[in-house]
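Chain by chain, the residues run as shown.
Protein chains: 2
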Amino acid sequence: METIASFGEFALITRLAQGITTHAERTDIALGIGDDCAVLDLGSELLLLATTDSLVEGVHFILDTTTPEQVGRKALAVNLSDIAAMGGIPRYALVSLILPANTSLAVLDGVYAGLGQEAERYTTALVGGNIASAGTQLVIDITLLGTIERGHVLTRSGARPGDVLCVTGTLGASAAGLQTLLQPDHPYAAQALARVRMCHCTPQPRVQEGRVLSRFGPAVVTAMLDISDGLSGDLAHLCACSHVGVRLESVHLPLSPELYAIAQCVLHDPIDWALHGGEDYELLFTVAPEYVQLVVDAVQTATGTPVTSIGIICAASDGMTLVDQEGEAAPLSVKSWDHLR
Amino acid sequence: METIASFGEFALITRLAQGITTHAERTDIALGIGDDCAVLDLGSELLLLATTDSLVEGVHFILDTTTPEQVGRKALAVNLSDIAAMGGIPRYALVSLILPANTSLAVLDGVYAGLGQEAERYTTALVGGNIASAGTQLVIDITLLGTIERGHVLTRSGARPGDVLCVTGTLGASAAGLQTLLQPDHPYAAQALARVRMCHCTPQPRVQEGRVLSRFGPAVVTAMLDISDGLSGDLAHLCACSHVGVRLESVHLPLSPELYAIAQCVLHDPIDWALHGGEDYELLFTVAPEYVQLVVDAVQTATGTPVTSIGIICAASDGMTLVDQEGEAAPLSVKSWDHLR
Numbered sequence: 001m002e003t004i005a006s007f008g009e010f011a012l013i014t015r016l017a018q019g020i021t022t023h024a025e026r027t028d029i030a031l032g033i034g035d036d037c038a039v040l041d042l043g044s045e046l047l048l049l050a051t052t053d054s055l056v057e058g059v060h061f062i063l064d065t066t067t068p069e070q071v072g073r074k075a076l077a078v079n080l081s082d083i084a085a086m087g088g089i090p091r092y093a094l095v096s097l098i099l100p101a102n103t104s105l106a107v108l109d110g111v112y113a114g115l116g117q118e119a120e121r122y123t124t125a126l127v128g129g130n131i132a133s134a135g136t137q138l139v140i141d142i143t144l145l146g147t148i149e150r151g152h153v154l155t156r157s158g159a160r161p162g163d164v165l166c167v168t169g170t171l172g173a174s175a176a177g178l179q180t181l182l183q184p185d186h187p188y189a190a191q192a193l194a195r196v197r198m199c200h201c202t203p204q205p206r207v208q209e210g211r212v213l214s215r216f217g218p219a220v221v222t223a224m225l226d227i228s229d230g231l232s233g234d235l236a237h238l239c240a241c242s243h244v245g246v247r248l249e250s251v252h253l254p255l256s257p258e259l260y261a262i263a264q265c266v267l268h269d270p271i272d273w274a275l276h277g278g279e280d281y282e283l284l285f286t287v288a289p290e291y292v293q294l295v296v297d298a299v300q301t302a303t304g305t306p307v308t309s310i311g312i313i314c315a316a317s318d319g320m321t322l323v324d325q326e327g328e329a330a331p332l333s334v335k336s337w338d339h340l341r
Numbered sequence: 342m343e344t345i346a347s348f349g350e351f352a353l354i355t356r357l358a359q360g361i362t363t364h365a366e367r368t369d370i371a372l373g374i375g376d377d378c379a380v381l382d383l384g385s386e387l388l389l390l391a392t393t394d395s396l397v398e399g400v401h402f403i404l405d406t407t408t409p410e411q412v413g414r415k416a417l418a419v420n421l422s423d424i425a426a427m428g429g430i431p432r433y434a435l436v437s438l439i440l441p442a443n444t445s446l447a448v449l450d451g452v453y454a455g456l457g458q459e460a461e462r463y464t465t466a467l468v469g470g471n472i473a474s475a476g477t478q479l480v481i482d483i484t485l486l487g488t489i490e491r492g493h494v495l496t497r498s499g500a501r502p503g504d505v506l507c508v509t510g511t512l513g514a515s516a517a518g519l520q521t522l523l524q525p526d527h528p529y530a531a532q533a534l535a536r537v538r539m540c541h542c543t544p545q546p547r548v549q550e551g552r553v554l555s556r557f558g559p560a561v562v563t564a565m566l567d568i569s570d571g572l573s574g575d576l577a578h579l580c581a582c583s584h585v586g587v588r589l590e591s592v593h594l595p596l597s598p599e600l601y602a603i604a605q606c607v608l609h610d611p612i613d614w615a616l617h618g619g620e621d622y623e624l625l626f627t628v629a630p631e632y633v634q635l636v637v638d639a640v641q642t643a644t645g646t647p648v649t650s651i652g653i654i655c656a657a658s659d660g661m662t663l664v665d666q667e668g669e670a671a672p673l674s675v676k677s678w679d680h681l682r
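In the order they appear, the protein sequences are chains Z and S. If you read the first sequence in my numbering, its first letter stands for residue 1, the second for the next number, and so on. If you read the second sequence in my numbering, its first letter stands for residue 342, the second for the next number, and so on.
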């Protein structure tokens, strides 16, 4: 009997997506399944954004190493990041909890406190919810709704050869943070340890940065998504949706000093974490070449968040290339975490 | 340690709701948590409705007695019923699946086929989704979005003393259907068996009926909700939200011949199933007395679904009363299924 575990996550999503009616005839659906959010058109000046994502105990977090408040914050943050990835404003959350019968009230209260704090920070109201009791793993499943001005939606599919590939913040810290949770007994430098764990346990969704980028519109910022699976995996999504290739410059990847410190401590290649680590929740976007400086300056001035150019979009036939520290070009290997295996 | 099971579902929902910021200052939230749907105002002629509900294997269904297609249909139907309960049109669904690793592809395909069929029947597009693997119980968690014309939202809170309490269809069949699944070896009459099982496994959300009712607006149809917990429990919600009491006439409860047949077979009181059974997904609503005939005729003419007057709204101080078959009045006992115990 073929099971979902033997089939694999990405094959499964492709299979299910193929079976879903696309409703190309419906003018109230600007964008269906396949981007960070659906884009829905109810006829007002603002378009509606909708996304859903869940955190599962034992898969995405364990309560030994993460506080209930952090779990609540992160459950909302991963959804906020999807709204940010379209350039939108988050607005309304619906929260569905699946709770093992022995879940303590203290854990539940903590999760809700974290959710509430994160909602407050990002102008999001909890407008609906559901509780069910089942199993042995806590599941927090959130649907987040947002809005965006007509003509300002940034999708995955608009990148063109010659566009410059940019990323906010730094890469790899979340993976390094996870590493320190899995190997807690290593003698890490205290400051680096605190920093990478914070990146892993309470990622900062780039909502404000996404807003600045969406103001330029898709003629300038031609494509965007957030990095959840890892730079290589999400870059592959961007290239597939835009029908382009990319030439990524390893030497330009933005790595933090804390990442180097942790990598040195456990003898891991920091570039590997930056390329394939996942859960950084930074924005990855492409910019028409003549506007790069303008866009980079605008984001940095408005938000204080650094933006780095890390590569160039090329034709699909040129594929995905990684230029390493020595200037050697080779096909970029794409690795993404499969949650079903 | 106090756990969610010891605390109980309804106490828990009240506790969590109290901790949630209500955002009374936000004009874009017409109605937050506490009704069948949230009502959101993005400035267009149509208001947005949002609801979330999940089906959990072992709690809401077992795959021994329900096909994967039925599970998929019902998972969407319970959400469609919440949109119907506000008088809205369903539009967009986001589907989140929590799958045990050993879930067969056949089960998953069946669930999706059922979802897709039900979506087609009710003009609903699947616009988002998520898959995670965890635990040993299949969970289907759906957020459904709909729309409704401004000024036509029917809430739980508008019933006034003197209004007539009405219900669509018949009551108790879903509970009878569940009974036949739990005691499969009884010699049930074949036709009655098929009918009550269908009511339980593939309930028909009253979307079209809700649309007819919302056209009258809240000055005529003063309050509405759908019966998911059971008539007594959901009537208690309506009375609490509207600050009213009710006098319910047992003799007027609409019971189907099939319900009587199953009840007789297992020696169960059919009135008990009708009052407390749950999962009927009929619409329960109150009508200003001068409009009752008009409203009842309109629904029956447009949809073919019978509507029955089953009681009268009274002052909150008069409480909730049940008049039994012999004309004796006594306080209505309220029983609702607690999913956490």
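It cannot be assumed that every hint is accurate.
Ranges between beta-carbon positions, derived for each pair [what the hints assert, rightly or not]:
#1 Z:A24 with S:S498: 26 to 32 Å
#2 Z:E328 with S:T368: 39 to 45 Å
#3 S:S674 with Z:A24: 51 to 57 Å
#4 S:A358 with Z:Q264: 47 to 53 Å
#5 S:S658 with Z:T22: 28 to 34 Å
What the simulated footprint calls covered on chain S by chain Z, stretch by stretch (three residues with Cβ under 8 Å from a Cβ of chain Z suffice, anywhere in the stretch; the number is not a length) [claimed, not checked]:
#6 378-388
#7 466-477
#8 571-584
Some but not every residue of chain Z turned toward chain S, in silico, with C-beta under 10 Å [as the list claims (entries may be wrong)]:
#9 L63
#10 T66
#11 A113
It is worth saying that the hints were derived from the structure and are not from the lab. For every residue, glycine included, the Cβ atom is placed at its ideal position computed from N, Cα and C.
Comparing the hints with the structure gives:
no. : hint                           : verdict
1   : Z:A24 with S:S498: 26 to 32 Å  : 40 Å, violated
2   : Z:E328 with S:T368: 39 to 45 Å : 58 Å, violated
3   : S:S674 with Z:A24: 51 to 57 Å  : 53 Å, holds
4   : S:A358 with Z:Q264: 47 to 53 Å : 49 Å, holds
5   : S:S658 with Z:T22: 28 to 34 Å  : 55 Å, violated
6   : 378-388                        : holds (count 8)
7   : 466-477                        : holds (count 12)
8   : 571-584                        : violated (count 0)
9   : L63                            : 14 Å, violated
10  : T66                            : 16 Å, violated
11  : A113                           : 8 Å, holds
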